[in-house]
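Enquirer: Residues per chain, in single letters:
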Amino acid sequence: MADEFPADSWRQSIDLPSERGSSRLVTDPLLEQLGLHGWSPDDVFAIHLAAEEALVNAVVHGNRLDPAKTVHVECRVSPELVRLEITDQGEGFDPESVPDCTLEERLEAPGGRGVMLMRSFMTRIEYNAKGNSVLLEKRRGDKPTAG
Amino acid sequence: MATQRIEVSKTGDVSVVRFRDRKILDEAVIQELGAELSALVEFDNRKAILLDFEGVEFLSSAALGKLITFDRKLKTAQGRLKMCGISPGILEVFQVTKLNKVFDIRPTAAEAIAAF
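Residue numbers (this note's numbering), protein chains in the order written: chain A, 1 to 147; chain B, 1001 to 1116.
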């Protein structure tokens, strides 16, 4: 894949501990960079939401809060494109097996909305074959899609 | 019960709940929030509750789960729940997840209170 990021784009590479709250190690600098790169409040909200959902999924569901495991995060920000690649050390899962949370019978389920929100608010989301790594991309100005 | 995450006031019979946190995403905060909301029903026996999201900028899916659980608890107690003051971004979250069909969402506190 051709690199769509300019050479001077911001990037972060970090290994998160598998503990609650560790997502802020990614989201705090990410939000700062989104502001510096002139991203709109709507796009910042969307990226923050998707990143938070993906990071929590990796820490809580992927690594099961195992202190021996980490979540590797690669993050890049340019004025036109944001990319996050989040990889946990868990067994993986099949994202297609997540029930549709908008079905009538599942509307009042307390969980299961994270993947759906990521798909709705980001331009692109791809899982690897194992299901332990997700790529999130947001292009400036893309609108979320109401399901 | 002393509350850290919410502020509760009364307008007539309606208990108006406002949130101290602008971003509701931290797991510990969400757990505390859930406990404080539950106490309104379990210990205070409040029946008409309005959640005013004025000032709340961010809500994770885990927080949505707590709201669903709270709504169910209140309905079981024959109570009613409404929401207001939701920012455009968070409203889109409710719309995308179709939770706008589960919750009674009004633009302002005045409209919500009048609808009880």
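The hints are simulated quantities; they were obtained by calculation from the structure and are not laboratory data.
The structure displayed is predicted, hence computed values, not measured ones.
Treat the hints with care, as some may be off.
In the EDC-like style, the derived pairs of lysine to aspartate or glutamate whose C-alpha atoms are separated by at most 20 angstroms in a straight line are [as the list claims (entries may be wrong)]: (1) B:LYS1098 - A:GLU108; (2) B:LYS1075 - A:GLU105; (3) B:LYS1075 - A:ASP100; (4) B:LYS1101 - A:ASP100; (5) B:LYS1098 - A:GLU32; (6) B:LYS1101 - A:GLU104; (7) B:LYS1073 - A:GLU108; (8) B:LYS1075 - A:GLU108.
Enquirer: Between LYS1075 of chain B and GLU108 of chain A, is the straight-line Cα distance small enough, at 20 angstroms or below?
Expert: Answer holds: LYS1075 of chain B to GLU108 of chain A is near 13 angstroms, not above 20 angstroms.
Enquirer: Within 20 angstroms, alpha carbon to alpha carbon, are LYS1101 of chain B and GLU104 of chain A?
Expert: holds (10 angstroms)
Enquirer: So if I understand the rule, the pair passes when the alpha-carbon distance is 20 angstroms or less; does LYS1075 of chain B with GLU105 of chain A pass?
Expert: holds (17 angstroms)
Enquirer: Within 20 angstroms, alpha carbon to alpha carbon, are LYS1075 of chain B and ASP100 of chain A?
Expert: Given that 20 angstroms is the threshold and the Cα spacing comes to 24 angstroms, the pair is violated.
Enquirer: Would the pair LYS1101 of chain B and ASP100 of chain A pass a check requiring their Cα atoms to be no farther apart than 20 angstroms?
Expert: The hint holds at about 15 angstroms.
Enquirer: Quick one, are LYS1098 of chain B and GLU108 of chain A close enough, alpha carbons at most 20 angstroms?
Expert: Roughly 10 angstroms between the alpha carbons, so the hint for LYS1098 of chain B and GLU108 of chain A holds.
Enquirer: Hinted pair, alpha-carbon criterion (20 angstroms max): LYS1098 of chain B, GLU32 of chain A. Please report holds or violated.
Expert: Measuring from Cα to Cα gives roughly 31 angstroms; hence the hint is violated.
Enquirer: Mind checking the alpha carbons of LYS1073 of chain B and GLU108 of chain A for me, to see if they're no more than 20 angstroms apart?
Expert: The hint holds at about 12 angstroms.
The earlier numbered hints that this structure contradicts are 3 and 5.
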